[in-house]
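Undergrad: As they're listed, the protein sequences go chains A and B.
Residue numbering for the first sequence follows the numbering used here, starting at 5 and increasing by one per position.
Residue numbering for the second sequence follows the numbering used here, starting at 5 and increasing by one per position.
Errors might be hidden in some of the hints.
Below, computed lysine to any residue pairings styled on SDA-like, alpha-carbon distance capped at 20 angstroms [claimed, not checked]:
{"id": "1", "chain 1": "B", "residue 1": "K17", "chain 2": "A", "residue 2": "D74"}
{"id": "2", "chain 1": "B", "residue 1": "K64", "chain 2": "B", "residue 2": "L35"}
{"id": "3", "chain 1": "B", "residue 1": "K485", "chain 2": "A", "residue 2": "P203"}
{"id": "4", "chain 1": "A", "residue 1": "K485", "chain 2": "B", "residue 2": "K33"}
{"id": "5", "chain 1": "A", "residue 1": "K485", "chain 2": "B", "residue 2": "R42"}
{"id": "6", "chain 1": "A", "residue 1": "K353", "chain 2": "A", "residue 2": "T510"}
{"id": "7", "chain 1": "A", "residue 1": "K485", "chain 2": "B", "residue 2": "P73"}
{"id": "8", "chain 1": "B", "residue 1": "K33", "chain 2": "A", "residue 2": "T510"}
{"id": "9", "chain 1": "B", "residue 1": "K33", "chain 2": "A", "residue 2": "K353"}
{"id": "10", "chain 1": "A", "residue 1": "K33", "chain 2": "B", "residue 2": "H159"}
{"id": "11", "chain 1": "B", "residue 1": "K33", "chain 2": "A", "residue 2": "T456"}
{"id": "12", "chain 1": "B", "residue 1": "K33", "chain 2": "B", "residue 2": "L21"}
{"id": "13", "chain 1": "B", "residue 1": "K170", "chain 2": "B", "residue 2": "E152"}
{"id": "14", "chain 1": "B", "residue 1": "K112", "chain 2": "B", "residue 2": "H135"}
{"id": "15", "chain 1": "A", "residue 1": "K33", "chain 2": "B", "residue 2": "K485"}
Output of the computed footprint for chain B on chain A, the stretches with three or more beta carbons under 8 angstroms from beta carbons of chain B [said to hold, decoys possible]:
{"id": "16", "region": "168-177"}
{"id": "17", "region": "213-226"}
{"id": "18", "region": "395-407"}
{"id": "19", "region": "485-494"}
If you are wondering where the hints come from, they were derived from the structure by calculation, not from laboratory data.
All of these numbers come straight from a predicted model, not from anything done at the bench.
From the three backbone atoms N, C-alpha and C, an ideal C-beta is built for every residue, glycine too.
Protein chains: 2
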Amino acid sequence: MQSLLKLYHIEAKPPSLGDNTGDLDRLKKVLSGYLQGRNPLVQLPRIAPVAEAFRQSGFKGYAAVINFPDGPQLVDFFAQAPEIVPGMALDLGTTHLEGALVDLLSGKVLQRAAVENGQIQFGADILARIHFAATKVGKQRGLDLLHESVMASIHGLAAELTRHLKLKTTHIMAMCVSGNTTMAHFFLKQNPYHLCREPYIPVLNTPDPFSASQLGLDLHPAAIIWVMPSIGSYFGGDLISGIIASGLDQQGETCMLIDVGTNAEVVVGNRDWLIACAGAAGPALEGGVARMGMRAEPGAIEHCTIDTENGNVTYQTIGGAPARGICGSGVIDLVAGLYLARIIDIRGKFRPNQPQAEGRLLTQGDSLAYIVVPAEEAALGEPIMLSQIDIDALMRSKAAMYSILETITNQVGVSFHELHRIYVAGAFGKHISPRQAIVLGMLPDLPLEVYTPLGNSSQAGAELMLTDESARERCRNVVSKITYVELNVNQEFMIRFSGSRFIPHTDHSLFPSVPFHGEP
Amino acid sequence: MQSLLKLYHIEAKPPSLGDNTGDLDRLKKVLSGYLQGRNPLVQLPRIAPVAEAFRQSGFKGYAAVINFPDGPQLVDFFAQAPEIVPGMALDLGTTHLEGALVDLLSGKVLQRAAVENGQIQFGADILARIHFAATKVGKQRGLDLLHESVMASIHGLAAELTRHLKLKTTHIMAMCVSGNTTMAHFFLKQNPYHLCREPYIPVLNTPDPFSASQLGLDLHPAAIIWVMPSIGSYFGGDLISGIIASGLDQQGETCMLIDVGTNAEVVVGNRDWLIACAGAAGPALEGGVARMGMRAEPGAIEHCTIDTENGNVTYQTIGGAPARGICGSGVIDLVAGLYLARIIDIRGKFRPNQPQAEGRLLTQGDSLAYIVVPAEEAALGEPIMLSQIDIDALMRSKAAMYSILETITNQVGVSFHELHRIYVAGAFGKHISPRQAIVLGMLPDLPLEVYTPLGNSSQAGAELMLTDESARERCRNVVSKITYVELNVNQEFMIRFSGSRFIPHTDHSLFPSVPFHGEP
């Protein structure tokens with residue numbers, strides 16, 4: 005395994021009257037022997053510290069060289085070889101930043117931590133923040149505030165990661181940042197204005213790696229900062245990380261990668277080709293619509309079943325805590341259960357007089373709502389409910405999801421049954437029951453073992469970029485060979501979307517394993 | 005002629021839903037077609053301005069690419085092609101900064117100017133400034149003050165150069181800096197401490213080119229700053245410029261380059277090999293020792309002759325102004341004249357009763373002095389005199405000079421007669437009469453046409469570096485192939501020095517064209 009950074013043992017002949025080579029030139033000369041004769045670059049701010057450390061170490065010690073894509077850079081000199089050289093893998097999420105400290109020498113993970121994204125104060129979601137970026141607060145641009153805010157969060161996370169290991173953040177000599185396209189823009193202080201406006205064009209998708217000091221990051225000033233490239237406004241570096249982490253780009257058999265949040269991003273491909281698309285899935289799957297919806301946090305109902313005979317509800321909360329709300333996977337289970345128990349029909353509408361719902365349906369405004377957890381069991385002393393509105397939102401989300409999968413596979417003439425594996429990224433992948441998603445007609449009716457949760461693949465990809473030379477090469481290949489399909493204007497997608505707004509689907513033959521409760 | 009900077013005409017397809025390439029990626033893609041598929045680097049601070057200018061120009065216009073040694077960098081984008089793109093060639097002298105503005109597109113010189121080096125306030129000569137660099141003034145290091153001071157001088161010069169052309173300094177997109185090794189250290193804010201201490205080692209001889217903003221230069225933020233490499237503490241980038249400007253490195257026949265100031269730097273070589281050395285010549289040749297000595301400025305006696313029969317003195321001042329003092333070339337003429345008129349002997353000592361000196365010799369303290377210009381003719385109403393002490397200093401300088409030339413040619417087994425040409429750089433080369441220097445035994449007794457004045461070759465070399473691609477390649481070759489001989493510890497030099505302390509030399513056969521006045 006070759007890493008981004010290498011330490012080279014140096015023993016140079018000390019200067020003399022017969023050898024007046026400059027200090028830095030002397031060091032570079034010895035180094036170039038290790039680098040196939042290539043002369044490592046030394047950035048202006050590193051000249052003095054490196055040359056001084058070299059002289060003070062008696063012209064011997066360890067030279068730290070970072071392999072930038074355009075060539076090696078000599079960045080530091082140590083009298084003694086450091087035992088570890090930390091790098092930071094950062095998943096730059098909209099709500100949270102998750103980080104891992106890895107040792108660039110051994111590739112080992114040293115520490116993990118997470119912090120909130122401080123930008124939340126300026127807008128809960130991406131769209132609100134893009135709008136905020138264009139405003140002015142006093143003399144500051146919203147963009148500057150968003151940038152400063154995420155920088156502060158990153159510094160907080162770096163401090164948290166290093167604290168336990170008795171390191172300083174300035175010891176961190178590399179960082180790989182993986183996030184959606186908008187977060188990458190905020191991080192790089194780039195104008196996100198066009199990201200959310202047709203035709204949805206980023207300022208840039210593939211930033212060149214740069215040094216920490218160029219952005220004012222409080223890491224080692226010469227630390228290499230690698231921002232995962234994106235493919236478009238709605239297909240960010242976090243997805244490229246997912247491809248790298250899943251190995252989709254290396255597989256002989258065709259696989260699929262799904263990442264679901266407010267948007268659903270999907271990649272299909274193998275080692276020969278990759279096709280990607282993204283589409284709005286609606287916030288239902290992030291717990292963002294249901295009145296009782298919540299993120300996958302302690303107290304969230306992540307799984308539940310409804311007895312098809314007597315309508316009894318059994319559920320499971322994250323951490324086993326008293327129920328506080330329902331997260332995305334809980335909503336999917338619940339709606340699938342409501343359908344199997346015939347409490348809702350194929351359109352997702354409540355059937356008012358279904359015995360299995362006895363005592364649990366009540367009228368809210370001019371529609372119905374279902375009591376999942378009665379007030380006396382719930383953490384906040386209020387019943388946890390699912391309304392018709394919530395179900396309608398989920399129906400749109402699941403329809404969007406399935407239509408996206410159909411459209412993209414159809415683009416390349418691959419049927420669902422040809423998919424060797426379907427990787428499901430993130431919290432959604434971790435918590436979802438693929439079986440219940442199949443019942444809803446959200447995911448294709450395939451053997452359950454096809455579905456493989458990936459975990460935080462944005463984070464995992466960033467780690468690989470720091471520790472695995474081949475990951476960086478793969479990343480470049482992925483970006484150059486991936487084809488992006490824009491769904492916003494795709495006619496086929498719109499037609500398929502209509503067909504998917506039933507449980508499991510208007511074409512029931514697509515879901516042979518799901519009972520058909522077609523009668524009203 | 006290929007220049008450091010190129011403008012490429014760009015007409016990109018505007019973004020659309022079917023083509024979601026990021027703005028900067030779109031531009032880089034078109035550019036890479038011009039660059040043999042190579043992807044130009046965009047430094048972080050240039051992303052936003054370049055991408056914005058590209059979009060605002062409707063995705064067409066002119067991309068500015070600077071060819072850094074490690075690859076092309078996309079630095080700016082213009083809707084209209086600029087008529088000129090200025091670059092600044094800077095001779096960073098100890099007392100003066102001379103600059104030329106050149107058009108990087110056509111290679112033409114647009115403007116020339118010069119300013120004083122503001123560092124003079126901290127020390128008149130290099131050594132004083134090196135000592136000052138190590139001091140503290142309040143909380144600031146002397147080095148910081150010296151750096152700031154030279155930056156201010158450069159900014160002043162840049163302003164002066166651009167003012168006449170109605171340009172801004174921020175239009176300047178390249179600068180080549182040519183100066184001695186110490187001045188290069190001050191410019192780069194590097195510690196000069198070891199430059200003047202055995203074994204005289206620079207922090208670095210060959211800085212990598214960098215961007216103006218990295219040093220806080222008030223030029224175009226992405227302007228490439230190219231510092232001419234040095235060979236050692238006493239052989240600076242100004243000399244490498246001299247080699248480039250003279251073409252020494254390209255000639256089939258062996259030539260010599262001499263640059264004389266307080267130090268004498270000498271290069272001998274041809275297109276196959278180069279050997280260099282430097283030695284202290286003493287300040288006599290810079291007008292720094294003689295009480296009436298001065299730089300080659302208006303009112304300085306630059307040439308004079310003494311009638312060998314009647315001792316009449318005729319002289320010529322710079323600008324024809326009333327005489328104020330004597331510059332280096334005037335001192336050489338004068339001492340040669342004193343020797344030819346037998347007023348001094350072969351040791352350079354006054355002969356008290358020589359009739360040609362009648363009325364011009366007077367006693368000063370316990371030695372004699374010669375009246376060059378009587379008080380009534382002189383600008384300041386005081387006689388301009390040359391004392392025995394002044395002559396003694398010149399004798400040491402001329403002996404050092406000749407010994408350096410002998411030692412270095414002997415190192416490579418080349419006799420003086422094999423030298424096709426001897427280039428004499430700087431003010432010394434411009435003003436000196438080689439014939440009088442030969443009489444003194446300072447320069448070898450060769451046909452006068454061998455001696456070729458070079459002018460400000462430090463400046464000329466810097467200009468070539470900006471306008472001629474091959475000059476940059478030659479510069480790299482010169483640095484890699486030049487051999488530096490340290491004279492400070494050279495036994496041979498010391499022996500030759502003793503033999504050279506007579507006029508013209510103890511071995512008179514070396515100077516057949518010079519009358520021998522050997523008798524006391």
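Undergrad: Is K170(B) within 20 angstroms of E152(B), Cα to Cα?
TA: At roughly 26 angstroms apart (the allowed maximum being 20 angstroms), E152(B) and K170(B) break the hint.
Undergrad: What's the verdict on K33(B) and K353(A), does the C-alpha distance respect the 20 angstroms limit or exceed it?
TA: Status violated; Cα separation ~51 angstroms.
Undergrad: Going straight from one Cα to the other, do K33(B) and T510(A) come out at no more than 20 angstroms?
TA: With Cα atoms ~45 angstroms apart, K33(B) and T510(A) exceed 20 angstroms; violated.
Undergrad: Between the alpha carbons of K353(A) and T510(A), is the straight-line distance 20 angstroms or under?
TA: The given pair, whose Cα atoms are some 15 angstroms apart, holds under the 20 angstroms limit.
Undergrad: Could you grab the alpha-carbon distance between K33(A) and H159(B) and see if it respects the 20 angstroms cut-off?
TA: Violated, because 34 angstroms separates the two Cα atoms, which is more than 20 angstroms.
Undergrad: Quickly compare the C-alpha distance for K64(B) and L35(B) to 20 angstroms and report which way the hint goes.
TA: holds (12 angstroms)
Undergrad: Are K33(B) and L21(B) close enough, with their CA atoms no more than 20 angstroms apart?
TA: holds (18 angstroms)
Undergrad: Does H135(B) sit within 20 angstroms of K112(B), going by the straight-line distance between their CA atoms?
TA: Violated: K112(B) and H135(B) sit about 40 angstroms apart, past 20 angstroms.
Undergrad: Would you mind confirming whether the straight-line C-alpha gap from K485(A) to P73(B) stays at or under 20 angstroms?
TA: Answer violated: K485(A) to P73(B) is near 29 angstroms, above 20 angstroms.
Undergrad: Three or more residues of the region 213-226 of chain A near chain B by CB distance under 8 angstroms?
TA: holds (count 3)
Undergrad: Does the region 395-407 of chain A contain three or more residues whose Cβ lies closer than 8 angstroms to a Cβ of chain B?
TA: Per the Cβ count (0), the hint is violated.
Undergrad: Regarding the pair K485(B) and P203(A), is the alpha-carbon distance no greater than 20 angstroms?
TA: It is violated: about 56 angstroms lies between the C-alpha atoms, which goes past 20 angstroms.
Consistency with the previously given hints fails for numbers 1, 3, 7, 8, 9, 10, 11, 13, 14, 16 and 18, ordered from lowest to highest.
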